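Number of protein chains: 2
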Amino acid sequence: MKTEPKILAGYMELLPAQQIQFNKMLRVIQDTFELYGFAPLDTPAIEMSQVLLAKAGGETEKQIYKFTRGKNDLCLRFDLTVPLARYVAQRQNQLVFPFKRYQTQKVWRAERPQKGRFREFYQCDIDIIGSKNLLTDAEILSVIYQVFTRLGFERFTIKINNRKVLNGFLQFINFKDSAQVLRIIDKLEKQSQQNTTEELANLGLTPDAIKKLLGFVQICGTPDQIINNLQQLNINNRQFLQGIKELKTVSQNMLSLGIEPNNFAIDLKIARGLDYYTGTVYETILNDYPQIGSVCSGGRYDNLANCYTNRDLPGVGVSIGLTRLFDQLLKAGSIKTSTSTPAQVLVASANPAALNQSVKIAQILRQANIATELFTEDYLLSKQLKYAARQGFKFVVITGMREAGEGKVTVKKLATSVQDEVKISDIAIYINNHI
Amino acid sequence: MKTEPKILAGYMELLPAQQIQFNKMLRVIQDTFELYGFAPLDTPAIEMSQVLLAKAGGETEKQIYKFTRGKNDLCLRFDLTVPLARYVAQRQNQLVFPFKRYQTQKVWRAERPQKGRFREFYQCDIDIIGSKNLLTDAEILSVIYQVFTRLGFERFTIKINNRKVLNGFLQFINFKDSAQVLRIIDKLEKQSQQNTTEELANLGLTPDAIKKLLGFVQICGTPDQIINNLQQLNINNRQFLQGIKELKTVSQNMLSLGIEPNNFAIDLKIARGLDYYTGTVYETILNDYPQIGSVCSGGRYDNLANCYTNRDLPGVGVSIGLTRLFDQLLKAGSIKTSTSTPAQVLVASANPAALNQSVKIAQILRQANIATELFTEDYLLSKQLKYAARQGFKFVVITGMREAGEGKVTVKKLATSVQDEVKISDIAIYINNHI
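Residue numbers (my numbering), protein chains in the order written: chain A, 1 to 435; chain B, 1 to 435.
Hint data in this document are derived by calculation from the structure and do not stem from the laboratory. Take these hints with a grain of salt, some might be off.
To be verified - For the chain B half of the interface with chain A, some residues (derived, Cβ under 7 Å), not all of them:
hint	residue
1	Gln19
2	Asn23
3	Thr136
These numbers come from a predicted model, not from an experiment. Idealized CB from N, CA, C, for every residue including glycine.
With the hints as constraints, model all of the structure from the sequences given.
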């Protein structure tokens with residue numbers, strides 16, 4: 001009896017051609033994070049429930065994979081922010097602040113499987129802990145701008161807002177329970193105006209307040225126009241004015257950090273559901289893939305780790321949901337999957353006696369740092385060439401051809417079928433020149 | 001009430017300076033695997049128990065993290081070989097064979113925490129599936145040779161043996177239950193000759209057979225000497241002779257794949273505990289760190305996935321236990337941990353007014369692909385320099401110095417304290433020239 005080989009629903013597992021592209025994206029992200037001086041962090045996948053869930057509750061807690069081992073209640077991490085908070089609190093005397101870290105690892109959430117939702121997914125996070133300087137809010141976005149540019153996107157929009165602006169406005173219209181309102185505002189674009197109005201009315205907002213609020217969050221224009229517009233509202237609320245000031249500073253910092261104006265907008269509808277944000281909040285959308293929603297979200301918090309330590313740890317961070325992004329790009333046909341090998345060159349043998357020479361050629365190329373696969377099976381040459389084409393190699397080096405004289409091999413460029421006889425001593429130079 | 005921030009025993013979590021070195025090692029390993037044409041694979045951490053445990057049993061099964069979610073029995077992967085078997089069986093019609101994959105991910109085993117044992121650790125695996133050619137047995141070792149060379153080790157020994165030699169010898173001395181004997185032989189170096197003798201006697205071996213066996217596995221010399229020695233034993237057992245032939249072929253292939261003779265030995269005591277190996281088996285030791293034991297083990301198997309498919313999937317593979325290796329090197333003081341940042345340069349501001357210029361410099365350096373951190377806090381310059389030294393930056397670029405003329409900044413090389421005034425337009429070139 002054979003066991004059927006299969007995986008659970010809601011888990012992404014890729015074929016080699018896809019995995020190669022996924023890893024390329026991941027490396028671009030990691031390399032860009034390091035370019036800005038963020039240090040890597042790797043935390044355990046499993047932590048003690050009492051530690052990891054110290055602050056959790058509600059919907060999040062229901063989705064957590066929990067289990068018991070011996071006398072320990074354990075759970076799998078459901079994000080990278082809580083482990084970061086725990087890490088920073090635990091190692092605060094060994095770390096130097098401001099502490100800039102990145103973490104690109106899997107997290108697990110037992111969500112109801114549905115289109116585009118995963119139970120296991122990569123998050124790519126950066127945070128700067130221990131700075132209140134709003135330059136860091138913009139620097140985080142500069143990293144994101146660089147990441148998406150390096151990933152080959154041109155048409156993306158980094159959208160920012162500030163919690164203080166929203167909270168200040170709600171205070172101004174005399175409304176207290178801002179957390180609930182923020183959650184409704186946050187999903188404004190996903191539901192009808194009528195539903196939104198009903199939900200806000202259920203919270204106790206008057207029709208007039210609702211009208212003001214919806215008019216307010218839909219103020220649009222360039223960043224300068226929106227900031228002017230907000231200032232002209234003449235709302236004399238301390239928090240509101242502070243929020244405008246912060247929005248203005250972050251916008252200016254973004255420009256001086258090289259973010260192109262057409263990749264950047266203020267959007268007063270962005271609230272972010274999470275409670276811990278206290279200032280700047282952000283989302284990023286790919287203009288050509290509106291269905292994906294925000295590919296990258298984050299914001300500023302006053303207290304990262306207040307359930308673990310009395311020390312104030314203000315900071316700012318952002319998270320890219322890579323698994324979902326990759327899945328959507330794959331489905332949109334935007335991921336090139338013609339290559340199933342990281343190697344450029346396949347070394348094939350025209351006859352079994354030539355295999356020894358193939359071994360030598362493969363080693364010469366590898367020593368020249370050219371990724372090379374050695375074909376070891378005793379197949380007809382035509383079948384080896386078919387394998388090379390199917391796997392997506394750029395070159396096949398063929399040994400043992402009668403036409404090739406002593407000390408020469410045949411090199412075939414697969415894209416053009418152009419074929420050359422090349423001296424073995426020149427083989428690495430030839431490949432490097434023709435890549 | 002604050003929750004104490006801590007992690008479980010048996011889990012490795014590193015400080016940034018250590019993590020940077022860990023990641024460097026991991027990248028060397030991944031890059032070398034790709035240089036040889038192995039394609040990346042990433043499988044779910046969680047799989048269905050009925051699938052992942054189809055073949056497991058005994059000690060392994062006791063160590064597996066198992067839990068239930070809804071109606072599913074789940075477990076965390078305990079190695080990368082079983083997920084590979086499942087993957088290859090599941091995707092056999094989409095993959096092209098021989099299939100060469102690498103996988104560098106965490107696995108989990110609920111072992112009793114003890115010195116040098118981890119419950120979560122990275123395995124770095126390569127396998128070639130679908131080839132019986134013994135050239136692949138040697139090619140796997142060529143990758144390992146290259147990995148340890150690139151990691152900076154010179155004094156390491158790749159040790160090979162062949163299960164058929166051992167099994168054939170046991171048949172020759174008329175002993176049937178080879179699996180049990182192999183497990184005892186495998187731990188020969190870890191216990192006294194007397195204990196080994198007792199354990200073998202308990203299995204029913206006669207004193208004469210034990211003497212022969214222990215004499216046999218301790219045959220030593222160069223690979224050629226050992227092979228000659230084995231041939232001269234005149235043991236006329238089909239399996240034994242086949243084993244010698246394979247050992248000889250793999251040894252010769254290793255030399256033609258560029259493995260230095262002093263990094264390579266035949267060791268007849270290597271048996272490997274796992275049942276699925278059928279031919280070549282290997283281990284690698286670091287000569288200067290004998291206490292670590294084998295840092296990298298593997299071998300050839302006739303059937304990778306016979307619990308999932310009827311298709312024959314012979315292959316060969318190896319696994320590096322990176323977490324344990326890193327931990328031991330760290331404890332031996334062999335890991336340099338003087339740098340807590342991936343950035344080369346810190347941009348500091350002599351006064352808050354210079355921060356704008358610092359932003360510009362940081363962006364110029366990043367655009368030149370020089371990893372750069374921008375110091376954002378309003379600290380005294382002396383404190384910024386202390387931060388730079390403590391974090392291990394190579395250079396500090398200081399803006400806003402009175403001595404520096406218009407369009408110039410001060411660059412300080414921290415190792416030498418040499419300080420230069422550099423034109424802003426030349427800053428990237430200056431850093432690149434002085435790195």
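Going through the hints against the structure:
Nearest Cβ of chain A to the Cβ of Gln19/B: about 5 Å, under the 7 Å cut. The hint holds. Hint status for Asn23/B relative to chain A: holds, with the closest Cβ pair at about 5 Å, below 7 Å. Checking Thr136/B against chain A: minimum C-beta separation of about 5 Å stays under 7 Å; hint holds.
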